[in-house]
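Trainee: Sequence:
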Amino acid sequence: MTEERYEESQLYKIRHSAAHVMAEAMLERFPEAKIAIGPPIEDGFYYDFDLPAAVTDADIKWVEKRMKKIISGRHEFSMRAITADEARDLFRDQPYKLELIDDLVNGRLDDNGAPIADPTDRLTIYTQNKFTDLCRGPHVANTKDINPKAVSVTLRPPAGAYWRGDEKRPQLTRVYGTAWRTPEELADYRQRLEEAVKRDHRVLGEKLDLFIIDSMVGKGLPLWLPEGATLRDTLERWLRAIQIERGYLPVVTPHLGNIELYKTSGHYPYYADSQYSPIDVDGDEFMLRPMNCPHHCRIYSSQPRSYRDLPLRYAEFGTVYRYEQSGELRGLTRVRGFTVDDAHLFVRPDQLLDEFKGVVNLIQHVFGALGMADFRARIGTRDPDSDKYVGDNALWEEATVAIIAACDELGLDYHIEPGEAAFYGPKLDFIVRDVLKREWQLGTVQVDYNLPQRFDLEYVDKDNERKRPVMIHRAPFGSLERFIGILIEHFAGAFPPWLAPTQAIIIPIRESHNDYASEVETLLKSRGMRVKADLQDRNMRSKIRQHRRMNIPWLLIVGDRDAANRTVSVRLRSDEDLGAMPLEAFADAAAAKINSHVQEIGF
RNA sequence: GCCACCAUAGCUCAAUUGGCAGAGCGCCUGUUUUGUAAACAGGUUGUUCUGGGUUCGAGUCCCAGUGGUGGCUCCA
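Position 546 of the first sequence, counted from 1, bears residue number 528 in the numbering used here, the numbering being contiguous throughout.
Take the hints with a grain of salt, since some may be wrong.
As the list claims (entries may be wrong) - Straight-line C-alpha distance at most 25 Å; calculated DSS-like pairs for lysine-lysine:
1) K180 to K(-5)
2) K126 to K43
3) K189 to K449
4) K126 to K112
5) K(-5) to K47
6) K(-5) to K43
7) K150 to K370
8) K(-5) to K189
9) K126 to K47
10) K(-5) to K131
11) K50 to K16
12) K150 to K51
13) K47 to K112
14) K51 to K126
15) K47 to K201
16) K245 to K43
17) K43 to K16
18) K150 to K43
19) K43 to K112
20) K180 to K201
21) K514 to K575
22) K245 to K449
23) K150 to K16
24) K525 to K514
25) K575 to K507
26) K131 to K47
27) K189 to K525
28) K112 to K16
29) K112 to K51
30) K419 to K(-5)
31) K131 to K150
32) K(-5) to K16
33) K419 to K189
34) K50 to K(-5)
35) K16 to K51
36) K131 to K112
Source of the hints: derived by calculation from the structure; they are not laboratory data. Computed from a predicted structure; not experimentally measured.
Using the sequences and the hints, build the whole thing.
Mentor: What follows is the structure in structure tokens.
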């Protein structure tokens, strides 16, 4: 469902109206509360309040009960147009509403002072039962259009939210609710939330022994366990091979650098909020690197370059360290140390468009190979009124035009968002949503005229003139950590065989089959498969159960018949029992599934 | 960082108004030798996150800290 249709839908009106009902109930519970705004959102609605005290579970339960009562009262939603002065009088005790009225009267401005709505003196208010709100609507006609059994405000806990999204302004209490057309839809929604928890990469990461985050090591610093490290290594090797095919050159650089490097690059101080404090080394200051590009620039400038050398594509799985506010850390998707599948392309201006397209094509290939079709492409341009950017306007303009041209030529479905650029240049980002519908930036391509200038990078052109190359920063995964976090949720922990940390487990039926199980293990390992014979002293059924829970693609049961006939009895993680297969046939069939990178595991 | 909530065994969770800290799974030992999602028996598992306070007595109440969760802000 598109946003526009949602905003015109009955469900939108139901949620918007439920928000008003919630505000009415909250004001009964907290008569001295000040009300702010209460819009519908995806899957529900919220309303922000300035409360005299923290809201408790008991308050929320009371409010939900009271809402159902109000809804059942069959109150009309009546709209009335009023003047600004009337509105100011009506909401004289509501400072947030007064601010909204002033904005409406003066014409609304965005954060940069640009008008986004014309000034008006015609305001509308909506009233239901004993509650009146400044609101442009639309609403349902009557509370009877809301099903009281399809409304809940207890599913999501209340949260702090800054007035108008501004950290420097008062923090209000945001109470979340959800409303649906029918109780069945509400039940479905609850079900979806429960399913989302099961897919959550933090839950699966623990269940599948992929990674841990240990408080003694530190917040936001994940530790990769053998199974997770195997998955990560598989992805790295895959991408590395693709990149070598496409003419990338490997480089390796250290995680620390002299502060002069970052002063030259401009990261220091532009990146100050995200950097860790400098480290004293024999009187010089060093920094944990927040980015890999400065190191790569120095590799470029380590020797003279001819136009014939370009493009140069330096690739490195480079680990970077960035300070993130503690409240922002989350599993693998937001961490303080992460590895960028980074590459920097040093290109001649005449190569920029093709190289940019090549990179986008690579990213599309990576996403496509993993079946990740549900992403959006965002061109981040600079916010014309902010001073947080470096480099001159003409170069920014040139880079922006190049990105848009490349996306147009590729037929990429993108949208442009001002203010989303990197500080050194505009970029194209690939954004996906996790199970809880939060958006995360994964792949990114950035055009940069600035760093070549700051590092005084040059090449000698055909005409024997020294010229400046253009840089493209790019990372198809974005970061290994975030990408794998999303990948875990994408596959719900059931990885395609080529990615599965353990591809098959061999389970002997009796202890007397251990030798044959080991033989099978050895043979499959010699074919490059990640397999293990489970020779624990436990019964077969409990082993099946244990490995089944770990989403191992293939369970190979071996008993007398298998040992005699050199077969394995194949059980899929989908619980299909394929029966006995000649060992060689299984090895070949499994290899075919692995090499073709398919999700399908049946033969 | 801010607001709110949460923290009991390796895991999932229980413990009445403040009154002896428990269960299942796991783990260990023994028995069992099993043909497709938990064999049987016995045993083991605790700084109830940390530090203070109130109380005759605190897992439970209060304060502070740490960690986690949801959201906000940020995400170059």
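Trainee: All hints, please: hold or fail.
Mentor: Okay, the hints, checked on the actual structure:
1. Between K180 and K(-5), the direct Cα distance comes to roughly 31 Å. Violation of the 25 Å bound is thereby established for this hinted pair.
2. Of the pairs offered as hints, the one joining K126 and K43 holds, with about 21 Å between alpha carbons and a cut-off of 25 Å not exceeded.
3. Pair hint K189 plus K449 does not hold up; C-alpha atoms about 55 Å apart against a cutoff of 25 Å.
4. Restraint check: the Cα-Cα separation between K126 and K112 comes to about 16 Å, which is no more than 25 Å; the hinted pair holds.
5. Taken as a hint, the K(-5) and K47 pair is honoured in the structure, with Cα atoms around 21 Å apart against an allowance of 25 Å.
6. Restraint check for K(-5) and K43: satisfied, since their Cα atoms lie roughly 23 Å apart, inside the 25 Å limit.
7. Distance restraint check for K150 and K370: the Cα-Cα separation of roughly 19 Å lies within the 25 Å cut-off, and the hinted pair is therefore satisfied.
8. Distance hint between K(-5) and K189 is unfulfilled; the C-alpha atoms sit about 41 Å from each other, more than 25 Å.
9. Under the criterion of a C-alpha separation no larger than 25 Å, the hint pairing K126 with K47 is consistent with the structure, at around 16 Å.
10. Taking the CA atoms of K(-5) and K131, the gap is about 17 Å. The hint holds against a cut of 25 Å.
11. Straight-line distance between C-alpha atoms of K50 and K16 comes to about 22 Å, which keeps the hinted pair within the 25 Å bound.
12. With a CA separation close to 38 Å, the supplied pair K150 and K51 exceeds the 25 Å bound.
13. With a CA separation close to 17 Å, the supplied pair K47 and K112 stays within the 25 Å bound.
14. Distance restraint check for K51 and K126: the Cα-Cα separation of roughly 11 Å lies within the 25 Å cut-off, and the hinted pair is therefore satisfied.
15. Taking the CA atoms of K47 and K201, the gap is about 40 Å. The hint is violated against a cut of 25 Å.
16. Restraint check for K245 and K43: the C-alpha separation of about 55 Å exceeds 25 Å, so the hint is violated.
17. A threshold of 25 Å between alpha carbons decides the hint, and for K43 with K16 the separation of about 20 Å falls inside it, so the pair holds.
18. Distance restraint check for K150 and K43: the Cα-Cα separation of roughly 31 Å exceeds the 25 Å cut-off, and the hinted pair is therefore not satisfied.
19. Between K43 and K112 the alpha-carbon distance is near 20 Å, which keeps this suggested pair within the 25 Å criterion.
20. Between K180 and K201, the direct Cα distance comes to roughly 23 Å. Compliance with the 25 Å bound is thereby established for this hinted pair.
21. Under the criterion of a C-alpha separation no larger than 25 Å, the hint pairing K514 with K575 is consistent with the structure, at around 18 Å.
22. Between K245 and K449 the CA atoms are separated by roughly 23 Å; this keeps the pair inside 25 Å, and the hint holds.
23. Of the supplied pair hints, the one linking K150 and K16 holds, its CA atoms being roughly 18 Å apart against a limit of 25 Å.
24. Simply put, K525 and K514 have alpha-carbon atoms about 12 Å apart, close enough for the 25 Å limit, and the pair holds.
25. A distance of roughly 16 Å separates the Cα atoms of K575 and K507; the hinted pair therefore holds under the 25 Å criterion.
26. Under the criterion of a C-alpha separation no larger than 25 Å, the hint pairing K131 with K47 is consistent with the structure, at around 10 Å.
27. The hinted pair formed by K189 and K525 meets the criterion: a straight-line CA distance of about 16 Å does not exceed 25 Å.
28. Restraint check for K112 and K16: the C-alpha separation of about 16 Å stays at or below 25 Å, so the hint holds.
29. A hinted pair counts as satisfied when its Cα atoms are at most 25 Å apart, and K112 with K51 qualifies at roughly 13 Å.
30. For the suggested pair K419 and K(-5), the alpha carbons sit about 22 Å apart, so the restraint of at most 25 Å is met.
31. The suggested pairing of K131 with K150 is violated, with an alpha-carbon distance near 39 Å, which exceeds 25 Å.
32. The straight-line distance between the Cα atoms of K(-5) and K16 is roughly 23 Å, inside the 25 Å bound, and the hint therefore holds.
33. Between K419 and K189 the alpha-carbon distance is near 22 Å, which keeps this suggested pair within the 25 Å criterion.
34. Only pairs whose Cα atoms come within 25 Å are accepted, and K50 paired with K(-5) is accepted, the gap being roughly 17 Å.
35. This hinted pair checks out: K16 and K51 have alpha carbons roughly 22 Å apart, not beyond 25 Å.
36. Distance hint between K131 and K112 is fulfilled; the C-alpha atoms sit about 22 Å from each other, no more than 25 Å.
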